[in-house]
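Residue strings, one per chain:
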Amino acid sequence: MKAVGKTPKQHEFETEALPHADLLYNYALRMTNNAADADDLVQETFLKAFRFWDKYEKGTNIRAWLFRIMKNSYINRYRREAKEPDTVDYEEIQNFYNTIRDERSDTHDTPESAFGNLLDDDLAGAISALPEDFRTVVILCDIEGLTYEEIAEFLDCPLGTVRSRLHRGRSLLRTRLTKYARDRGYAVEG
Amino acid sequence: MNCTEFDEQITPAVDDRLREDEAIAFRDHASVCPACRRSYEAELSTRNLIRQRVHMVRTPGSVAASIVDRLASERTAGTPAIFRRWSPSVYRSVLAVAAVVAAVYLISSPGFSDDPGFPAMREDVFAHSIVTYAGVMGGQMKPDIESAHPDVLQAFFAGKTSFPVRVHTVRDFTPVGAMLHESGGVPLAQVLYNAGNTTVYVYQTCWQTVQDGRKLQLPTRILSALRSGSAYVEENADGQTMVLWTEGQTLCGAVADMHTQELLAHLDVAPALK
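Chains as they are written, first to last, in the numbering used here: chain A, 1 to 190; chain B, 1 to 274.
Calculated directly from the structure, the hints in this document are not laboratory data. Bear in mind the structure is a predicted one, so any value in this text is a computation, not a measurement. Ideal placement from N, C-alpha and C gives every residue a C-beta, glycine not left out. It is possible that some hints are incorrect.
[What the hints assert, rightly or not] Where chain B lies over chain A, by a calculated footprint (3+ residues, C-beta under 8 angstroms):
#: 1; region: 9–20
#: 2; region: 120–126
[Said to hold, decoys possible] In silico negatives: residues of chain A with every beta carbon more than 10 angstroms from chain B:
#: 3; residue: Phe50
#: 4; residue: Gly59
#: 5; residue: Lys71
#: 6; residue: Ile75
#: 7; residue: Asn76
#: 8; residue: Asp133
#: 9; residue: Ala152
#: 10; residue: Leu155
#: 11; residue: Arg163
#: 12; residue: Ser164
#: 13; residue: His167
#: 14; residue: Lys179
Given these sequences and hints, build the entire structure.
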C-alpha cells in the first residue's frame, strides 16, 4: 500500500500556497462579513491560483500574489453585485474625515471605557462599514499584522499611501465606534 | 514640527515606525499641543482596541479540505476534445481512470521496463484495461450498453460469462454503461459509474483464470493478498486508487480518480479489508 499521493504540481502548490490560507481567509471574512462568502472567496482564489500556478514566479512574494488574486475575485464578485464605484471617492472621504476630526478635537476625554462595553459584533460591523480601501489596510495591518512594506507590495502602492489610508481608516473606525457607544447608551464624553 | 506635520506622523508613531530624531520632535510637539496629543492617543487606543478585540481566525478545516479536493479535480481539466466523443460528462474521469490503471500496472509489474513486449502484456488484466480504455477515449470503442439502470446492465451480462458478474452498488454513483471484452479468450466485464465529473470503473473477470496465470496474470504480491481473502488497495502518486477483491469465482477491480479512503467509502468491500 502506498501513502496518499499527489501530482507534483498539486504537491508544490499545497506546500507553498495553502499555508497562507489564514491570511486570505481573514481578509475575506472581514471584507465580506459573512463566513459562507469568505469560504467561497478563499476557495475561488486558490483554484484560480492553482490554474495559473505556472504564471507565478518562484521566489517572489507568494502572499502578495495570492492576495491580488483574491482582491480581483472580490472585486469581480462583490463590487459588481453591489454596483459600487470602482474606487473610493477620496474627496468625499476627505471632507468626512475633516468633519469628524473637528468633532474629535472637541472631545476632551477618549471613550476607551465606553469602547470596552462594545460587542465584538460592533467592532466587526464598524470595520466592515469602512470604505473598501481603508478597510483593506486596517485589516492587513491591525488584524493580520502585516508591515507597511508588505501591504504596499500587496496593493502595489507607495508606503505613503498605506500610511495615509491607515490613518484615515482608524479615524473613521473610531468615529463609528463612538457612535455605536453613544447609540447603546454608554457614556462618551465630548 | 507644526500640527500638520504632527498629524502626518501620528500613524507611523502609533506603529513605532519613527526614526529617533522624528520621535523626539513628535514627542516635543505632543508635550505642548494637547489637541495633537489627543489625536495621537485616539489613534493609538483605536489601534490597540482592534488588536486586542479582533483576532485572526483559523481557516475552517472544511474549507481547507474542500480546496484540496477541488485541486484534485482540477488537474484533469484541459483534456483534448478528442476524448469527448463518448460522453462529455465522464470523459475527464475516464481519462483519469485510464491513467491510474496504467500507473498501477507499472507499479505492479516489475518486469515491465525490462520487457516492453506489448503483446505479452495484453494478457495482464490491468494492461487489458488500458487497451480498452484507450479505445474508449479515442472513440474507437463505446460501451456496449448505456443505461443508468443496474438491472438492465445486469441483464446485459447474463449468460455471457463463465463466472458470476454482479453490477455493484457504488454509493452516491449512478451506473452509466457496461462493456464486455475478451482478453486471451477470457471475458472481462466492465461497468462505469458516474457522479458529477467523477467516474468509478469496475471490472470483473474469472478469478480462477487469473490464479492459473496462463491467460491472465497478476503480480504475485497481489495474488497472495487476494488468496488470503483480503482486498488489495493501491494508490498512485496522482491520488488515484485501485481496489481489487474477490467474490467467489469472480475477481473484481474498482478504479477511480480519488484517494483510497474516499473510494473505499463508495464501495462495499469492507469485509475483505479486515
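To see whether the hints hold, each was checked on the structure:
no.: 1; hint: 9–20; verdict: holds (count 5)
no.: 2; hint: 120–126; verdict: holds (count 3)
no.: 3; hint: Phe50; verdict: 5 angstroms, violated
no.: 4; hint: Gly59; verdict: 22 angstroms, holds
no.: 5; hint: Lys71; verdict: 18 angstroms, holds
no.: 6; hint: Ile75; verdict: 21 angstroms, holds
no.: 7; hint: Asn76; verdict: 18 angstroms, holds
no.: 8; hint: Asp133; verdict: 15 angstroms, holds
no.: 9; hint: Ala152; verdict: 13 angstroms, holds
no.: 10; hint: Leu155; verdict: 16 angstroms, holds
no.: 11; hint: Arg163; verdict: 5 angstroms, violated
no.: 12; hint: Ser164; verdict: 8 angstroms, violated
no.: 13; hint: His167; verdict: 4 angstroms, violated
no.: 14; hint: Lys179; verdict: 13 angstroms, holds
Hints 3, 11, 12 and 13, counting from the list given before, are not met by this structure.
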